[in-house]
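Build out the structure end to end from the sequences listed, making use of the hints.
Line by line, the protein sequences are chains A and B. So that you can map any letter, position 135 of the first sequence is 135 in the working numbering, and since no number is skipped, the others follow by simple counting. So that you can map any letter, position 254 of the second sequence is 590 in the working numbering, and since no number is skipped, the others follow by simple counting.
Since the hints were derived computationally from the structure, they do not count as laboratory data. Some clues are possibly wrong.
No farther apart than 25 Å at their CA atoms in a straight line, the calculated lysine to any residue pairs in the SDA-like style are these [unchecked claim]:
1) K311(A) x K640(B)
2) K109(A) x R770(B)
3) K165(A) x A140(A)
4) K518(B) x R332(A)
5) K640(B) x P327(A)
Quick list of the computed label-pair ranges, beta carbon to beta carbon [claimed, not checked]:
6) L15(A) x L456(B): 21 to 29 Å
7) T643(B) x E202(A): 25 to 33 Å
8) P768(B) x E202(A): 28 to 36 Å
All of these numbers come straight from a predicted model, not from anything done at the bench. Even for Gly, the Cβ is constructed at its ideal location relative to N, Cα and C.
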Amino acid sequence: MDFLNAIVALSNFVLVPAVTYGSQLALGALGVTLIYGILRFSNFAHGDTMAFGTMVTILVTWGLQAAGVGFGPLPTALLALPFGIVACMALVLVTDRMVYRFYREQKAKPVIFVIVSIGVMFIMNGLVRFIIGPGDQRFADGERFIISARDFKELTGLREGLALKTTQGITVVTAVIVVALLFWFLNRTRTGKSMRAYSDNEDLALLSGINPDRVVMVTWLIVAALATVAGTLYGLDKSFKPFTYFQLLLPVFAAAIVGGLGSPLGAIAGGYVIAFSEVMITYAWKKVLTYLTPEALEPDGLVQLLSTNYKFAVSFVILLIVLLFRPTGLFRGKAV
Amino acid sequence: MSEMVKNTGLFVLVAVLILGTGFVQSWNTALLILNMGLISAVMSLGLNLQWGFAGLFNVGVMGFVALGGLAGVLVGMPPVPEAWAAGGVGVIAGLVLGAAVIVVAAVVFNRMGRGPMRVLAMLVILVGGFFAFRAVFDAGVEAVEDVNPAATGYLGGLGLPIVLAWPVGGILAAGAAWLIGKTALGLRSDYLAIATLGIAEIILAVLKNEDWLARGVKNVNGLPRPVPYEVDLQNDPGFVEQVSALGLDPVTASSLTVKLGYAGLFAVVLVLILTLAQLALNSPWGRMMRAIRDNETAARAMGKDVTRRHLQVFILGSAVCGIAGAMMTTLDGQFIPTAYQPLRFTFLIWVMVIVGGSGNNFGAVLGGFLIWFLWVQVEPMGHWVMQIVTAPMADGSALKEHLLGSAAHMRLLTMGVILLLVLRFSPRGLIPGR
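Structure representation (structure tokens):
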């Protein structure tokens with residue numbers, strides 16, 4: 001019984017939150033990695049792209065709620081998501097046309113692109129704050145829990161409860177669907193294959209008649225969709241605040257880099273590596289250990305490796321350790 | 337010659353902007369802009385050393401600035417003897433133990449051959465070492481933080497004159513840069529950028545959470561000053577008489593005098609660093625750095641030790657940022673870890689260097705002043721623009737309220753637009769480097 005309690009406690013406080021957060025990071029990191037693979041630069045504006053897509057989703061959600069449209073037990077934001085994606089696609093296409101295309105034609109150095117993306121980041125950040133304000137916005141509605149801790153306890157008779165929030169369920173299901181679609185697209189469709197070819201060897205791809213403009217455009221469209229989905233899921237699960245999304249850039253990058261920039265599989269693995277290490281290193285293991293150890297050996301401290309305040313720093317420590325031993329990430333990413 | 341005229345003109349323009357603030361708004365505001373402009377100019381000189389001279393993409397400026405700020409506390413504040421008695425030994429012993437574990441791990445890693453035995457040994461040393469470190473360290477920390485947490489709760493500083501914190505801030509930042517450079521400079525392109533970004537966040541996380549060091553988010557305020565206090569000046573009959581003779585109100589005059597005092601001190605530092613940077617740029621060393629920046633492979637083929645030179649310039653640039661950070665806490669009179677935000681301390685400095693002209697020291701200084709001026713003034717300007725835009729709207733309408741309220745966020749938007757425009761139409765900045 002104690003063993004089961006330990007597993008439930010572990011799932012409740014570590015596994016479920018880490019899988020959810022990891023899925024959100026993985027979707028964000030996939031966007032970063034695609035831009036790196038195809039356009040060959042680190043897009044510092046990615047966090048704010050996520051914020052923009054999410055912001056539109058939130059505005060539409062509010063509109064739907066005001067109009068009395070709901071999605072039953074599911075959050076209304078899911079209905080608004082397509083609008084957010086389309087708006088975000090428009091934004092990144094306009095940005096590419098007005099900003100990045102010029103440097104692509106100039107064949108500017110990758111580092112120039114990075115600096116340019118910092119400018120774009122400033123603008124997008126300002127835009128979002130300008131439209132929706134810098135404060136915290138809540139837009140989650142529908143059922144709060146798939147199963148609440150109390151129901152779980154009654155159902156199983158265990159001492160530990162397992163709470164599963166609706167947003168956590170939605171996050172994982174959506175992430176699986178989105179990732180499956182993405183890989184199907186990259187591996188099975190003509191456009192997807194040409195994207196991969198372009199990423200692997202630009203010159204060869206151009207020689208074989210791949211239209212670079214089209215590849216770039218499709219990449220931006222996919223990235224906008226990924227960013228909006230990731231941002232909305234994160235916002236539903238936690239809350240939406242423009243500055244948080246700017247900060248999210250860091251763990252998202254950490255995930256993409258730990259996996260190896262340019263490698264979609266790596267981005268997913270990186271997302272979970274970062275999420276699990278963040279949660280596990282800052283979790284107080286006392287509860288789980290108390291169930292597992294005989295009474296005489298029970299720990300008296302919290303058995304916490306680092307205080308929760310260090311959550312943010314952990315992703316970078318992991319990043320640095322990985323980079324020290326594998327300078328281009330776990331899945332051997334590219335370096336331009 | 338015309339280039340000379342253009343550059344002088346640009347500096348005159350910035351001077352006019354700041355003087356204009358003095359005439360239109362208030363001299364207090366003008367001096368505030370000038371003081372932070374001086375500090376920003378030092379920071380952008382530091383970043384220019386790294387990016388403009390050597391092409392190192394450092395997005396961790398914030399971390400070095402924050403370390404410099406920490407120096408202000410460590411040097412200037414008086415020590416807390418009770419805290420030292422309670423847990424000083426524990427904390428110091430813990431830190432020494434932690435460092436020893438890392439050194440032992442590194443030595444063992446280098447001595448043992450590849451294989452599962454090495455992995456096992458590393459795990460034993462690091463995990464065991466971590467718990468030993470926490471056992472010693474946590475006890476000390478707890479004792480220190482329990483000493484009057486409302487007022488102190490930290491070890492305090494050395495109680496030395498605060499100006500000494502400036503070089504110390506530089507040394508602290510240089511030390512961190514050495515450590516980081518040793519590990520991270522081997523990384524390629526974007527990997528280095530993200531690594532520096534992450535390291536800055538780690539430094540900040542430590543400053544926010546280690547209360548025994550600088551009170552964490554409880555902040556340290558009331559740092560000693562290198563210039564007299566306004567109240568003392570106002571109570572000084574000689575000073576009051578002097579300013580009254582000039583026809584000034586003693587209260588205003590005292591605050592202006594204090595700010596001018598700071599400006600004088602900062603200007604000395606800026607001129608000193610600018611001179612050194614200028615000498616460095618035009619020396620054989622500077623030529624070598626630029627050669628490495630422009631073509632690393634060729635420079636390596638010429639027998640230049642690229643990694644060493646990169647490390648060197650990374651340390652120098654970071655030290656300059658550290659000095660600026662210490663100057664800033666001195667000016668503020670307080671150390672607030674949460675105030676260090678990458679949007680302001682890393683990316684804004686980048687805008688300064690790019691707009692001013694990377695690779696040119698005068699450009700970096702100009703960018704520092706100009707961008708800081710805009711950073712401060714865009715907000716009131718945005719408000720003013722919004723007032724005009726919304727003037728025809730009905731009073732109390734939601735849109736009008738929203739637009740007026742949002743004017744405060746014009747800042748980031750404007751910075752982004754400026755950066756993109758400069759990169760597009762004058763990619764080498766206002767005063768291009770060579």
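Now for the hints, and whether the structure bears them out:
no., hint, in the structure
1, K311(A) x K640(B), "violated (41 Å)"
2, K109(A) x R770(B), "holds (18 Å)"
3, K165(A) x A140(A), "holds (11 Å)"
4, K518(B) x R332(A), "holds (22 Å)"
5, K640(B) x P327(A), "holds (23 Å)"
6, L15(A) x L456(B): 21 to 29 Å, "holds (27 Å)"
7, T643(B) x E202(A): 25 to 33 Å, "holds (29 Å)"
8, P768(B) x E202(A): 28 to 36 Å, "holds (30 Å)"
Hint 1 alone, counting from the list given before, is not met by this structure.
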